[in-house]
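Residue numbers (numbering that gives the first Met the number 0), protein chains in the order written: chain Z, 0 to 185; chain B, 0 to 341.
In short, the hints are calculated from the structure, not lab data.
The model shown is predicted, which means the values in this text are computed figures rather than measured ones.
A couple of the hints might just be wrong.
[Unchecked claim] Cross-link-like lysine-lysine pairs, in silico, BS3-like; alpha carbons within 27 Å at most:
#1 Lys183(B) / Lys145(Z)
#2 Lys85(Z) / Lys158(B)
#3 Lys162(Z) / Lys68(B)
#4 Lys158(B) / Lys172(B)
#5 Lys183(B) / Lys162(Z)
[Unchecked claim] Stretches of chain Z that chain B covers, calculated by requiring three or more beta carbons in the stretch to come under 8 Å of a beta carbon on chain B:
#6 56 to 62
#7 96 to 107
#8 127 to 133
#9 167 to 173
Where a beta carbon is used, it is the ideal one built from N, C-alpha and C, also for glycine.
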Amino acid sequence: MKQVVAPFFVAFGLFLLVICGAPRCGDSANVTPPESPVYEGIRTLAPPLSPDYFPCTTCHELGKTNNQRRQLKDEHTSIVFDHDEKNRWCLDCHAPLDRDKLHLASGELIGFDQSYRLCGQCHGPTYRDWKVGVHGKRTGMWNGRKNYFLCVHCHDPHSPSIKPINPFPAPAMPVGKPFLFGSKNK
Amino acid sequence: MKKNLPRRVLARRKFLKDSVVSAAGIAAGLSLPGVLAGCIGGDLDAFLQKHFLELTPAELEKVVRRIEKDNLKKFGKTTTVSAKPATPGVSFAYALDLSRCIGCRRCVHACVKENNQSRDPEIQWIRVLEFPKEKGIDFSEANPYYCAPSAGPLSDEQKEILANPESQYPLYKKSETEGGSACKVPRTDHFYVPIQCQQCEDPPCVKVCPVRATWKESDGIVVVDYNWCIGCRYCMAACPYGARHFNWAEPKVAPDDLNPDMHYLGNRPRYRGVVEKCTFCIQRTRNGRYPACVEICPVGARKFGNLLDPKSEIRSILEHKRVLILKNDLATHPKFFYFYGL
């Protein structure tokens, strides 16, 4: 009996996966990632994953990889890799056999929501400051629950230096508005 | 002395005294409210209001309700005005990471939106100064008008960022780094120092106020009672940081832009002829929230917390980072610390 039921469950599981996974592919812009779980007392915001690319396993088959270090020509060509590029490449951070995960030096697989642990392997003092709230940004309550922004909210992991952005409007210059006594200030 | 005076003299003195008192009483009873109403635009309750610190809880409640009523009349919008007092055991402090600030001015506009500053004439509590790196912090080289072509009303994208600060992430998205303004910040070889009220421990602005319309609360916030301020602007002259601003004209805020979550000592609408200043967003921070400038800062350069809490980020900064305060030699003892996070 068991031998008959087990394949049925596998098939039903696959069916569910297809049903649940389908809207993600069709209407990817509306995907709101669930709030990240709390790890070691740190509540993080959901990682800013591009719905065009995530989940990665849509393309990258589980358990398969090309370990050859190479220049990517067909896919991901918009990524500018400027992060110790002489010594590192994709699979130093991305888990080779499960692309929806990252891997630490220890081999532990972590989700993208815990990517700060990966960054912290090299950037120790910054990681220490981030945990106490000195480096990076936290929102929430000053006397209570806080939400941590991830490293990758500000730093592009592939090119981490902060890029110049658009400023908000400058204050009005006080030229051309001479003060006249009794005049109505408009 | 009195005993020796003739009876007739005493009678005349009593007559004169009585008549003066009754004349004053008649004048007060008939014409004073009329005269006052003419002078102050009709609101006698506001005119005769006591100093904030002398109000009983019942009177304070009445005052707060009156202001809510005035707001509804003026803006056609329901507002809540709180007068929540300071929490014991809390002393607020602020820190700003000079090695992170990119001069994007989002704090300036988030502050204006949160605190109902006048849009026209323009009043901004935060001023971001740009310095050339080669000169260091030299205020004669400071430029608040960098990227001046960006002046003007806020764009729709900018309004969206102010309404939802999380929408600015990831910070390196193409619309920010490639689209938009030609002048991007940080500009090469420049650094930025935002300046706002330093919430001094020994505030010179408070010392000079002739009517005690401004004072330091127990949590360290220097506040102004806009109903008590006479507009002499002594405090503006005394402040070494240019942190106080005067309402030269009737402040203008569109009803749609009005933040309805108000505090009596903070962001309630101001009057013409009074001074206003940063209050660490008293309406937010007394309820445990971060100030608006902290919440908007895209690079997390702004830090806020309780100085008396050893686990706060502020304490960590003071213990481990290189901290500087502006105009240290004036001994105003600011609770606003600039530091280098690098």
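Satisfaction of hint between Lys172(B) and Lys158(B), Cα-Cα up to 27 Å
Roughly 17 Å between the alpha carbons, so the hint for Lys158(B) and Lys172(B) holds.
Between the alpha carbons of Lys162(Z) and Lys68(B), is the straight-line distance 27 Å or under?
violated (47 Å)
Quickly compare the C-alpha distance for Lys183(B) and Lys145(Z) to 27 Å and report which way the hint goes.
violated (31 Å)
Three residues minimum, CB to CB under 8 Å: does the segment 167 to 173 of chain Z make the cut for coverage by chain B? Let me know.
This one holds; 6 residues, not fewer than the three required, reach chain B with a Cβ under 8 Å.
Establish whether the coverage given for the segment 96 to 107 of chain Z by chain B is satisfied; the threshold is a Cβ-Cβ distance below 8 Å, and no fewer than three residues must meet it.
violated (count 0)
Agreement of Lys183(B) and Lys162(Z) with the hint, judged by alpha carbon distance not exceeding 27 Å
Since the Cα atoms of Lys183(B) and Lys162(Z) sit roughly 9 Å apart, the hinted pair holds (cutoff 27 Å).
Taking 8 Å as the C-beta cutoff, is the stated coverage of the segment 127 to 133 of chain Z by chain B satisfied by three or more residues?
Since 4 is at least three, the answer is holds.
Verify the coverage statement for the segment 56 to 62 of chain Z against chain B, using a C-beta to C-beta distance below 8 Å and requiring 3 or more qualifying residues.
violated (count 0)
Lys85(Z) and Lys158(B) were given as a pair; does the straight-line alpha-carbon distance stay at or below 27 Å?
Violated. Lys85(Z) to Lys158(B) sits at ~41 Å, over the 27 Å cutoff.
The structure is inconsistent with the numbered hints 1, 2, 3, 6, 7, although it conforms to all the rest.
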